[in-house]
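Given these sequences and hints, build the entire structure.
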Amino acid sequence: GQIPVYVEQRHEKEIKDYIISGKYDLVVDGTVSDYKSTSVWSYIFDSNALKYTQQASIYKWLAPDRSTDNAVHIQYIFTDWSAAQAARDPSYPQTRVITKEYPIWSLEQTEHFISEKLNLLTNYLDTPQEGLPECNKEELWESDTVYKYYKNPAKMSRATKNYDSLDEANLRLANDGGVGTVATVRGEVKACRYCEVSEICTQAQNLIQQGRLVL
9 GQIPVYVEQR
19 HEKEIKDYII
29 SGKYDLVVDG
39 TVSDYKSTSV
49 WSYIFDSNAL
59 KYTQQASIYK
69 WLAPDRSTDN
79 AVHIQYIFTD
89 WSAAQAARDP
99 SYPQTRVITK
109 EYPIWSLEQT
119 EHFISEKLNL
129 LTNYLDTPQE
139 GLPECNKEEL
149 WESDTVYKYY
159 KNPAKMSRAT
169 KNYDSLDEAN
179 LRLANDGGVG
189 TVATVRGEVK
199 ACRYCEVSEI
209 CTQAQNLIQQ
219 GRLVL
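In this text, residue positions in the sequence shown follow this note's numbering: the first is 9, and each later residue adds one.
In short, the hints are calculated from the structure, not lab data. One thing to keep in mind: the hints can contain errors.
Stated by the list, open to error - Lysine-lysine pairs mimicking DSSO-like chemistry, simulated, CA-CA at most 27 Å apart: (1) LYS21 with LYS44; (2) LYS156 with LYS59; (3) LYS125 with LYS21; (4) LYS31 with LYS169; (5) LYS159 with LYS44; (6) LYS145 with LYS156; (7) LYS198 with LYS125; (8) LYS156 with LYS24; (9) LYS24 with LYS44; (10) LYS59 with LYS24; (11) LYS159 with LYS198; (12) LYS169 with LYS159; (13) LYS59 with LYS21; (14) LYS125 with LYS44; (15) LYS59 with LYS169; (16) LYS108 with LYS198; (17) LYS125 with LYS145; (18) LYS59 with LYS44; (19) LYS31 with LYS44; (20) LYS44 with LYS198; (21) LYS108 with LYS59; (22) LYS156 with LYS169; (23) LYS169 with LYS145; (24) LYS108 with LYS145.
What the hints assert, rightly or not - DEER-style ranges, computed between Cβ atoms: (25) ILE208 with THR168: 37 to 43 Å; (26) ARG166 with GLU16: 48 to 54 Å; (27) ASP152 with LYS59: 15 to 21 Å.
C-beta atoms are modelled at their ideal positions from N, C-alpha and C, and glycine is treated no differently.
Following this line, the structure appears as structure tokens:
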């Protein structure tokens, strides 16, 4: 009749000459819970869903005798929650703390994921920075590119309409007789602000020069 509870236990496992280590926040009766202090928008857009699954899957791979459930409970603690916004908008989180469940991979899928990451690490271990693969859109937390159509080029303070594709914006331009203009606004990058090597990363410096990253 007892319920096993494990708090902040660290586990290690060796694979491919590397040691993988991780420390979960809480495991109650086989279910991992992880606490995340984050913004409301990361919850609304579910931007870290895959990362939460990956993290919890590694916890289970490290300690399958402790983590036996096939789901993780993410305990969201919102740092920018607004009671006034919650009262106005029913789709907005109604409380400052919310629990959401995410799936956990099988042990085989998790080990394959870890192995692939370690293969990349080994292959690029001694590679100069200019030879390293750049972070992709998801890894950069990059917002979508917007194509802003201005019917009157003399008034550029506010776009007539924003489009998700250049073809749609150009079609509107053609339908209006070609008198307007289309401006491309590249997506903003946010992940570099939390990266420990952004100050020496050439990709981050290029993004700053493009006006897409502000550190």
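Structure-based check of all given hints:
Straight-line distance between C-alpha atoms of LYS21 and LYS44 comes to about 25 Å, which keeps the hinted pair within the 27 Å bound. For the hint linking LYS156 to LYS59, the alpha-carbon distance of about 32 Å lies beyond 27 Å, and the restraint is violated. Taking the CA atoms of LYS125 and LYS21, the gap is about 15 Å. The hint holds against a cut of 27 Å. Restraint check for LYS31 and LYS169: not satisfied, since their Cα atoms lie roughly 48 Å apart, outside the 27 Å limit.
Proposed proximity of LYS159 and LYS44 is contradicted: the alpha carbons are some 44 Å apart, above 27 Å. As the CA atoms of LYS145 and LYS156 are separated by approximately 21 Å, the hinted pair is consistent with the 27 Å bound. Of the supplied pair hints, the one linking LYS198 and LYS125 holds, its CA atoms being roughly 23 Å apart against a limit of 27 Å. Under the criterion of a C-alpha separation no larger than 27 Å, the hint pairing LYS156 with LYS24 is inconsistent with the structure, at around 49 Å.
At roughly 31 Å between alpha-carbon atoms, LYS24 and LYS44 are farther apart than 27 Å, so this suggested pair is violated. Restraint check for LYS59 and LYS24: the C-alpha separation of about 23 Å stays at or below 27 Å, so the hint holds. With a CA separation close to 31 Å, the supplied pair LYS159 and LYS198 exceeds the 27 Å bound. Our distance criterion of 27 Å between C-alpha atoms is met by LYS169 and LYS159, whose separation comes to about 9 Å.
Between LYS59 and LYS21 the CA atoms are separated by roughly 20 Å; this keeps the pair inside 27 Å, and the hint holds. Between LYS125 and LYS44 the alpha-carbon distance is near 24 Å, which keeps this suggested pair within the 27 Å criterion. Our distance criterion of 27 Å between C-alpha atoms is broken by LYS59 and LYS169, whose separation comes to about 34 Å. Between LYS108 and LYS198 the CA atoms are separated by roughly 24 Å; this keeps the pair inside 27 Å, and the hint holds.
About 18 Å separates the Cα atoms of LYS125 and LYS145, which keeps this hinted pair within 27 Å; it holds. Of the pairs offered as hints, the one joining LYS59 and LYS44 holds, with about 12 Å between alpha carbons and a cut-off of 27 Å not exceeded. Note on LYS31 and LYS44: the hinted pairing holds, with a Cα-Cα distance of about 14 Å set against a maximum of 27 Å. Distance hint between LYS44 and LYS198 is fulfilled; the C-alpha atoms sit about 18 Å from each other, no more than 27 Å.
Taken as a hint, the LYS108 and LYS59 pair is honoured in the structure, with Cα atoms around 14 Å apart against an allowance of 27 Å. For a cut-off of 27 Å, the pair hint linking LYS156 to LYS169 stands: about 6 Å separates their Cα positions. Between the alpha carbons of LYS169 and LYS145 the distance comes to roughly 24 Å, so the proposed pair stays at or under 27 Å and holds. Distance check on the hinted pair: LYS108 and LYS145 sit about 25 Å apart at the alpha-carbon level, within 27 Å; holds.
For ILE208 and THR168, the hinted distance range of 37 to 43 Å is satisfied, since their beta carbons lie about 42 Å from each other. For the pair ARG166 and GLU16, the beta carbons lie near 51 Å from each other, so the given range of 48 to 54 Å is met. Checked against the hint of 15 to 21 Å, the C-beta distance between ASP152 and LYS59 comes to roughly 19 Å, which is consistent with it.
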